[in-house]
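Which chain is which? The protein sequence lines are A and B, in order.
If you read the first sequence in my numbering, its first letter stands for residue 13, the second for the next number, and so on.
If you read the second sequence in my numbering, its first letter stands for residue 97, the second for the next number, and so on.
These are calculated hints, taken from the structure and not from any lab test.
Please read these numbers as outputs of a predicted model, since none were measured by experiment.
Glycine included, C-beta positions come from ideal geometry on N, C-alpha and C.
Be aware that one or more of the hints could be misleading.
Listed below are several chain A residues computed to face chain B (Cβ distance under 7 Å; list not exhaustive) [as the list claims (entries may be wrong)]:
#1 77
#2 151
#3 164
#4 187
#5 564
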Amino acid sequence: MTTYTSYTVGDPIADTKAPDGPIAERWSRRRFEAKLVNPSNRRKHTVIVVGTGLAGGSAGATLAEQGYRVVQFCYQDSPRRAHSIAAQGGINAAKNYRNDGDSVHRLFYDTVKGGDFRARESNVHRLAEASVEIIDQCVAQGVPFAREYGGLLDTRSFGGVQVSRTFYARGQTGQQLLLGAYQALSRQIEAGNVEMHARTEMLDLIVVDGRARGIVARDLVTGQISVHLADAVVLASGGYGNVFYLSTNAKNSNASAIWRAHRRGAYFGNPCFTQIHPTCIPRSGDHQSKLTLMSESLRNDGRIWVPKAKADTRSPDQIPEAERDYYLERIYPSFGNLVPRDIASRAAKVVCDDGHGVGPGGQGVYLDFGDAIARMGRDKVAEKYGNLFEMYERITAEDPYSRPMRIYPAVHYTMGGLWVDYDLSTTVPGLFAIGEANFSDHGANRLGASALMQGLADGYFVLPATLNDYLARASHDAVEPDHPAVAEAVADVEDRLNLLLAIDGDRTPDSFHRELGELLWDECGMARSEAGLHKALDRIPELREEFWRRVKVPGTGAELNQSLEKANRISDYLELAELMCLDALHRSESCGGHFRVESQAADGEAVRDDKDFSYVAAWEFTGSGSAPVLHKEALDFEYVHPTQRSYA
Amino acid sequence: MTAATHGTTSTSTMKLTLRIWRQHSPEDGGSMVTYQIEGVSPDMSFLEMLDVLNEDLILRGEEPVAFDHDCREGICGACGMVINGRAHGPERTTTCQLHMRQFSDGDTIDIEPWRAAAFPVVKDLVVDRSALDRVIQAGGYITAPTGSAPEAHATAVPKEAADFAFEHAECIGCGACVAACPNGSAMLFTSAKVNHLNVLPQGAPEREGRVLDMVAAMDEEGFGGCTNSGECTIACPKGIPLQSIADMNREFFRAATKRRR
Ligand SMILES: Cc1cc2nc3c(=O)[nH]c(=O)nc-3n(C[C@H](O)[C@H](O)[C@H](O)COP(=O)(O)OP(=O)(O)OC[C@H]3O[C@@H](n4cnc5c(N)ncnc54)[C@H](O)[C@@H]3O)c2cc1C
Ligand code: SF4
Ligand code: FES
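Turn these sequences into a full structure, and let the hints steer you where they fit.
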């Protein structure tokens, strides 16, 4: 048997379908060249959309408005509850309402640089272009963005940029944007254009003659397995940060939809690119079930520091100014507390590992609003951040108005995901991936307030144009429900569920998930080493084998069974985790959120290796536990010349 | 606790008696079942306490308690239980944001699902709240097909109107208002959406139809009428004010009169 570390290198990815010519004209050109489906024929096409977050919600509503028949899924009891609802801080757009020198080009530049030169230029430029229209669309839907006294929209700054381009709705921007998309979707459900299946989970992809033609799903209430056939399938199922068990993601966010698609032929892009967010509430004990983000917007006014002395147990108000180390301001004077997330997280880890951390286990740094309160007054601070302060106090029983917050980095977002071309098509024709589910436009590090922008750009504007083209070009003979490919996918799903129920072992699903999560956090988290990754790659197959021997899932498959749902998702994490570690091992450079301890400068800064690694790693599945094939998509930078990122 | 830099993490744990509604399926009768639980940390959230119970039940070969949850941050609206007779429990927050420091060692805690005619029980603490989605589908939106939007700054929105809209748009659709209401009414939920959209210039063209259709849908779904008991707003984790209902009634009469004319 080949080991998982001995992957093979296959053909490079030759064509990403990005048009050439001047970058600012590429998207218009692609749209112009796209074939259109005659409006009267659209109703004859069925499109499946998995997910109702910002990406799926906006795509489902828009496709239905265009006249397609949409069949949509989410695992929650209502499409309004998708994980996007939890996004706090804001959404970027190059409106330049502040007249502070912002432009589409600057947003493009910031995003390529912020991603540490591991994203595709054409895509990022398109994203920056679409950002402007997104704000218009959301305002028209009634999204209550923050406004100035004159009635115009307010903005704020986020990490990694020097302009104020982040639009927000207090600390609930994701909620308000998602409700806008959900309401648009609701209108289409009422009109009969969207057939909505809530509490229904996609468990496999149906591929017929090389094309994605449907999905197998399970009704989470009755356990009923059903087949849904279509002309195209869109995955908008979100990110896979929950592979780490503890993350800021919603508890049931999972990788199953994209992982099953990967198993059916869709390449997986940059699986090791994970974002660890610098400002989360530290864990309080072993019972911890998830971690709570404190929005990056807090870094606009909060100052981050640790005591200069090691293991200083004095209360923060007893530590005089001269004995505090505002380490971000010290090391990065021009960006200060607003450096990109990967840099802020790593700096926190360094000071804590060095013995300066505060709180339980020394796993925390202070985020202090003392100066902000003195400068703006308590009321102004409360108006800007009140709900976040309340949430912090409810969780920690500490009052952030009088005592600095304690924060620590936590897993937050996955830049990796299904590989897609410029049209957002995966390597399986007819299967598209949008939002956090794709490997996206963020390279090796996502800037704050850019995920909401990307999800909505994909769903409202990009996918509807490119899907149109796909549907217009391909011919779609109906797939018979008794086609062997359908039967095979159904049998796979049923066998797997039955096996999970039959093991009747002695360990709970969660116990495996926690163990896997800890292993990944230690070896494939904020700092990754060759030895550590080898250790993880040795351990994961053992854990997987143990899982399939010892997991205990009570109840039956013909009812609401939350243990079965969990176990099924964990079985996918146990495969995905291995690919993440392999990807991290093969990429021996440091870039963005991927920090290889072997690739750093004398001062501890990450060292990127453009000569050997200026590519997207797209992995092809060859079987569970068997060595995958690596396909490289070379990255060309024509407009933003790669430099070592500097925020000093 | 006075621990200096060590936050308020406490080491003392609690022993509790839980009486939980167990109901296998919608057709089942269901009953309260008693469980003992030890080692509960005050820093745990209420749902983490139930996680611990469930881990234990699985190992004992029993079925864990089913409950809805997802974000565990008080924003998705998925969670919701009646705790000691109060929707979302003793604090004005969501069940997932309730922490065990609100309880004391030796307490007995009753845990039941939302109870309302329009919310049938699915299993244990899980109920079917899809009726709320259908109320939104009846008119809780502004018609603005993708691509048709004018430039965002074309219409200024006075800050007061924007703030008023936002405060009503904060509703998370959890259904606690319905569960708390003696009549199982969804007036607070419905009014929150009507007021969010009707105050905005963008929402004006559909203003009348919106309130009439949403109220009609609410009645059709089997939600009860409002008798001004005010329980809804006390239970609401997002602080949607009772005034919201009065505001919607005004919108309703305005629309009904206009339509009659
Ligand atoms: C706490 C927090 C705060 C954030 N704040 C910001 C911010 O301020 N700005 C910003 O830009 N980004 C932010 N992000 C990131 C951003 O919220 C997400 O990246 C984005 O919302 C993802 O949207 P999505 O539509 O791709 O997926 P999601 O919103 O995760 O939606 C996934 C959907 O897929 C469905 N689904 C998943 N699997 C299946 C399946 N197998 N079958 C059926 N349905 C399935 C789910 O039910 C859900 O409807 C934040 C993230 C977190 C965790
Ligand atoms: S009005 Fe309040 S209680 Fe009712 S659904 Fe909305 S948030 Fe929940
Ligand atoms: S789990 Fe989302 S509000 Fe409680």
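Now the hints, each set against the structure:
no.: 1; hint: 77; verdict: holds (5 Å)
no.: 2; hint: 151; verdict: holds (4 Å)
no.: 3; hint: 164; verdict: holds (6 Å)
no.: 4; hint: 187; verdict: holds (6 Å)
no.: 5; hint: 564; verdict: holds (6 Å)
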